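Participant: The chain contents come next:
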Amino acid sequence: MSTTLAELAQRLGATLVGEGSCEVVGVRPLDQAEPEHLSFLHNPRYVAQAISSRAGAILVEDPDLLPGRTLLVTPQPYLAMARALEILHPRPRPEPGVHPSAVVAADVELGEGVAIGPHVSIGVGTRVGPRTVIGAGCVIGARVEVGSDTELHPRVVVEDSCRIGCRCVLQPGVVIGGDGFGFATVDGVHHKVPQVGIVVVEDDVELGANVCVDRATLGVTRIGRGAKVDNLVQIAHNVEVGEGSILVAQVGIAGSTRLGRFVMMGGQAGAAGHLTLGDGVLVDAKAAVYKSFAAGTRVGGIPAREHREWLRDSANLRRLESLRQRLKSLENEVETIRRGREGVRGEGEG
Amino acid sequence: MSTTLAELAQRLGATLVGEGSCEVVGVRPLDQAEPEHLSFLHNPRYVAQAISSRAGAILVEDPDLLPGRTLLVTPQPYLAMARALEILHPRPRPEPGVHPSAVVAADVELGEGVAIGPHVSIGVGTRVGPRTVIGAGCVIGARVEVGSDTELHPRVVVEDSCRIGCRCVLQPGVVIGGDGFGFATVDGVHHKVPQVGIVVVEDDVELGANVCVDRATLGVTRIGRGAKVDNLVQIAHNVEVGEGSILVAQVGIAGSTRLGRFVMMGGQAGAAGHLTLGDGVLVDAKAAVYKSFAAGTRVGGIPAREHREWLRDSANLRRLESLRQRLKSLENEVETIRRGREGVRGEGEG
Amino acid sequence: MSTTLAELAQRLGATLVGEGSCEVVGVRPLDQAEPEHLSFLHNPRYVAQAISSRAGAILVEDPDLLPGRTLLVTPQPYLAMARALEILHPRPRPEPGVHPSAVVAADVELGEGVAIGPHVSIGVGTRVGPRTVIGAGCVIGARVEVGSDTELHPRVVVEDSCRIGCRCVLQPGVVIGGDGFGFATVDGVHHKVPQVGIVVVEDDVELGANVCVDRATLGVTRIGRGAKVDNLVQIAHNVEVGEGSILVAQVGIAGSTRLGRFVMMGGQAGAAGHLTLGDGVLVDAKAAVYKSFAAGTRVGGIPAREHREWLRDSANLRRLESLRQRLKSLENEVETIRRGREGVRGEGEG
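Chains as they are written, first to last, in my numbering: chain G, 37 to 386; chain R, 37 to 386; chain E, 37 to 386.
Hints were generated in silico from the structure; no laboratory data involved.
Computed from a predicted structure; not experimentally measured.
One or more hints might be untrue.
For identical chains, the list gives no copy identity; a pair is met inside one copy or between any two copies.
The calculated SDA-like cross-link candidates involving lysine to any residue, where the alpha carbons are at most 25 Å apart (straight line), are [unchecked claim]: (1) Lys228 / Arg203; (2) Lys364 / Asn79; (3) Lys327 / Pro130; (4) Lys364 / Asp67; (5) Lys364 / Glu70; (6) Lys228 / His135; (7) Lys228 / Asp143; (8) Lys228 / Arg374; (9) Lys228 / Asp315; (10) Lys228 / Asp98; (11) Lys364 / Arg203; (12) Lys327 / Leu347; (13) Lys327 / Arg344; (14) Lys327 / Gln85; (15) Lys228 / Arg167; (16) Lys327 / Ser184; (17) Lys327 / Pro65; (18) Lys327 / Val139.
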């Protein structure tokens with residue numbers, strides 16, 4: 037795919053500074069770009085790199101940073117870069133149609149332009165919205181609903197009765213609707229509690245490779261609109277992840293915990309069950325959340341506490357060595373004083 | 037599915053208090069139940085919610101808590117609720133038979149009532165017990181044994197020679213019998229140590245989505261009878277998980293570690309290799325177990341230590357700030373005393 | 037498989053001590069071996085066990101440790117054991133050929149002796165090297181390159197344009213080339229940044245079950261030659277894992293982080309993005325790496341610091357209780373001194 041810089045500027049809604057007739061064939065980082073590439077500057081730290089870059093043109097917010105260069109000026113260079121990638125490196129879309137090796141129940145409703153890959157199976161009563169792509173080896177259960185313009189990468193499982201929204205992306209190996217982990221233990225026997233609820237993945241959600249979202253015991257496990265979930269994340273039964281939340285890789289959220297809107301959890305963080313994290317709560321990587329936190333709190337540590345407190349505790353832990361030494365010299369000094377005082381007493385008494 | 041309350045009471049072995057002729061169509065939590073639903077009270081915290089619930093009937097241990105309500109009285113309301121879910125929300129069972137797209141070796145022995153889904157493959161010499169269900173896209177190797185009444189959800193892998201018991205449930209994406217992680221490193225080259233052992237999953241085990249259980253180097257990696265394992269858990273080669281143990285999501289257990297009976301490990305906890313955790317050991321979520329612990333111990337923290345010790349250390353860490361301040365004022369006071377003493381000395385000398 | 041001890045000695049390049057005519061049918065640990073088995077002693081701790089073992093022969097470095105026993109003497113008993121496993125417990129190799137249920141694009145190039153299992157799909161323009169095995173249910177995208185003598189266990193996904201080297205082993209459920217986790221967030225909307233780079237897995241790499249390696253945003257995510265990666269590990273976009281590195285189960289590495297050669301990360305450890313870990317860095321299990329470390333450093337803890345420092349901090353944390361008590365008695369003593377001094381002063385003033 038290639039385009040002129042002028043045409044690209046127009047499609048990105050950017051202002052062209054310099055000659056617009058040259059061809060652009062792709063996007064590259066500043067240090068790897070050649071004259072036929074577009075690059076981008078969205079962090080002032082990289083101005084020097086931008087100045088010395090061989091890129092044919094650079095996406096930038098402030099043109100004064102790069103005088104004399106061919107520029108595409110835009111208030112959001114990173115977003116424009118994302119759009120330029122779509123234009124210059126389009127991902128080939130599979131042809132619509134159902135691969136002959138797919139096993140699709142007779143009553144399945146497929147929207148216009150749907151593409152179903154090899155070795156897919158789809159159960160009875162399922163509906164798939166227009167232009168949705170279902171990759172090779174996916175297993176879609178019965179009575180599932182998948183919206184329009186959604187992409188299921190290969191080997192995704194969506195079990196019975198779960199619902200996936202529009203414009204979602206499910207990376208390979210995602211499992212939607214496995215049973216929640218619930219047992220009634222009586223006399224040392226763990227009796228399975230049937231998990232009869234469902235999973236609802238709202239519109240514009242992305243779920244990373246091998247992510248697991250369990251079906252609710254009763255009711256719904258919900259991933260809110262626009263949430264983005266990285267690889268190998270575990271979401272237990274009856275969890276609610278709020279709109280626009282971000283869960284980085286290997287996060288785990290235990291049963292019935294509710295995340296508000298735009299919650300952010302760093303990699304390998306975990307949250308216990310039956311908690312509430314308010315809107316915009318920010319959980320540091322690796323943290324272990326054992327209690328609820330109000331909207332806007334930043335928390336970290338094991339167990340998780342307010343970020344400032346955690347930083348203080350960590351700093352104090354590092355200072356313990358000097359604390360011990362100060363205590364030791366104080367003990368010595370007090371011992372000296374005690375002995376001296378006995379001397380003074382002696383003198384006073386003499 | 038619907039039934040009268042009287043019939044349900046009889047099937048659950050519960051005592052009916054109130055009118056038994058009304059129809060019940062499902063189970064719902066106290067706050068979402070309508071008159072056609074059964075609900076349950078198994079935690080006294082929710083008595084007020086039970087009193088105001090619109091549920092047609094409530095499973096409860098002590099009828100005096102809910103005077104005037106229609107009740108199903110039973111010593112184990114939570115267990116009865118699990119059974120009511122089975123009765124009122126039965127999971128449809130696939131029809132017995134082998135899907136024509138499945139690839140099943142000629143000598144495979146399938147018990148009566150077995151259901152094999154689309155795109156399954158089963159290797160030579162494998163045996164599958166009566167009424168077992170093998171979901172779409174599962175890959176079963178050669179010489180595997182799967183017991184009766186077991187359910188493999190879609191896309192499970194069981195590699196050659198491994199054994200799965202009766203009444204097991206394997207959620208989607210489980211991998212049984214991948215190679216253990218073993219290398220002989222000589223002069224900077226990691227030579228693979230062939231992993232020629234197997235995995236044995238005993239009866240009544242449940243394994244969560246995308247769980248990995250590696251085959252032993254030599255001998256057996258074993259998941260004991262009745263153990264329950266949540267999603268994304270890692271069980272390394274030659275590990276033994278004792279009967280009735282519970283491993284919550286994202287737990288990892290390194291090679292050759294042995295867990296006794298009814299061990300419980302919280303989410304994201306890990307155990308190093310070649311350890312022994314005695315019967316009933318309870319490992320807190322997120323803990324890192326680096327040494328063996330005797331039966332009945334509760335441990336937590338990184339590195340894991342006895343729970344009481346860990347709580348004390350954590351509390352002390354939080355108290356460090358006040359400790360520092362106390363040390364500071366003591367230093368000041370000692371300084372004052374020292375100066376004063378010099379004054380006293382001076383006076384004494386005068 | 038069985039062989040005489042003399043023949044086995046020759047194939048392993050070991051020196052036979054004792055009678056070479058007996059048949060050996062397999063390898064067993066010292067405590068489980070019978071006269072028809074070979075065993076091995078590679079850790080002096082187990083000399084007593086070796087002496088009492090019933091093994092027909094023992095691989096050992098120093099024959100003087102086991103006088104009177106039939107031995108295979110070799111400088112690397114553990115490596116020789118690995119080779120003996122290959123000889124005595126060979127894994128049956130599938131017959132070359134393409135299973136009729138596989139869906140292979142017309143222009144795919146398959147090397148001599150390639151074996152493609154049931155329900156595999158392979159996209160256009162892909163090339164697979166000689167003798168490579170692609171297990172049941174694997175999904176290989178378009179324009180992928182897989183080297184020779186590589187084994188893909190069942191249900192591996194390799195997405196478009198990624199490259200896998202020679203003599204690699206990918207365990208079941210591995211996902212290569214899912215999208216990196218990248219979004220441009222503007223006004224509360226997370227816009228997807230297309231991930232147009234690839235993954236390169238170099239020669240002799242092993243990847244464990246359900247491992248995820250994301251494709252780069254631009255450029256390459258790279259797993260260096262001879263690296264070994266355990267189950268459920270997450271490797272984000274643009275990461276570089278150096279030659280011979282070892283990542284134990286459930287490790288997570290965030291975007292653009294570079295690991296040098298022979299880096300070792302213990303189980304459940306994590307590294308933040310945009311860091312550099314020098315050659316031979318050793319990260320303890322469960323650690324959280326938030327900054328770069330120079331070659332040869334051993335680090336541990338959350339946040340990770342030099343190992344010695346972490347041990348000291350942990351020890352200090354355990355000593356806090358005694359520290360508190362020392363501070364308390366010092367406070368009492370100073371109080372006594374203060375009161376006494378007031379007495380002395382009174383006396384001095386009198």
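Participant: Should Lys327 paired with Pro65 be assigned to within, between, both, or neither, using CA atoms and 25 Å as the limit?
Facilitator: between (42 Å within a copy, 23 Å between copies)
Participant: Within a copy, between copies, both or neither: which one fits Lys364 and Glu70 at a CA-CA cutoff of 25 Å?
Facilitator: neither (63 Å within a copy, 61 Å between copies)
Participant: If the cutoff is 25 Å on CA atoms, where do Lys228 and Asp143 land: within, between, both or neither? Let me know, please.
Facilitator: Classified as neither: same-chain Cα gap 32 Å, cross-chain 34 Å, threshold 25 Å.
Participant: Treating 25 Å as the Cα threshold, decide for Lys327 and Val139: within, between, both or neither.
Facilitator: Neither. Shortest intra-copy (46 Å) and inter-copy (50 Å) distances fail the 25 Å Cα cut-off.
Participant: Can you give me the call for Lys228 and Arg167, within, between, both or neither, at a CA distance of at most 25 Å?
Facilitator: between (39 Å within a copy, 18 Å between copies)
Participant: If the cutoff is 25 Å on CA atoms, where do Lys364 and Asp67 land: within, between, both or neither? Let me know, please.
Facilitator: Classified as neither: same-chain Cα gap 55 Å, cross-chain 52 Å, threshold 25 Å.
Participant: Should Lys364 paired with Arg203 be assigned to within, between, both, or neither, using CA atoms and 25 Å as the limit?
Facilitator: neither (65 Å within a copy, 60 Å between copies)
Participant: Can you give me the call for Lys364 and Asn79, within, between, both or neither, at a CA distance of at most 25 Å?
Facilitator: neither (49 Å within a copy, 44 Å between copies)
Participant: For Lys228 and Arg203, with the copy left unspecified, which applies at a CA distance of at most 25 Å: within, between, both, or neither?
Facilitator: between (35 Å within a copy, 11 Å between copies)
Participant: Tell me, please, which holds for Lys327 and Leu347 at an alpha-carbon limit of 25 Å: within, between, both or neither?
Facilitator: This pair counts as both: shortest intra-copy Cα distance 18 Å, inter-copy 16 Å.
Participant: Is the C-alpha distance from Lys327 to Arg344 at most 25 Å within one copy, between copies, in both cases, or in neither?
Facilitator: Intra 17 Å, inter 19 Å, cutoff 25 Å: intra and inter.
Participant: For the identical chains here, do Lys327 and Ser184 meet the 25 Å Cα criterion within one copy, between copies, both, or neither?
Facilitator: neither (38 Å within a copy, 43 Å between copies)
Of the hints listed earlier, those the structure fails to meet are numbers 2, 3, 4, 5, 6, 7, 8, 11, 16, 18, in rising order.
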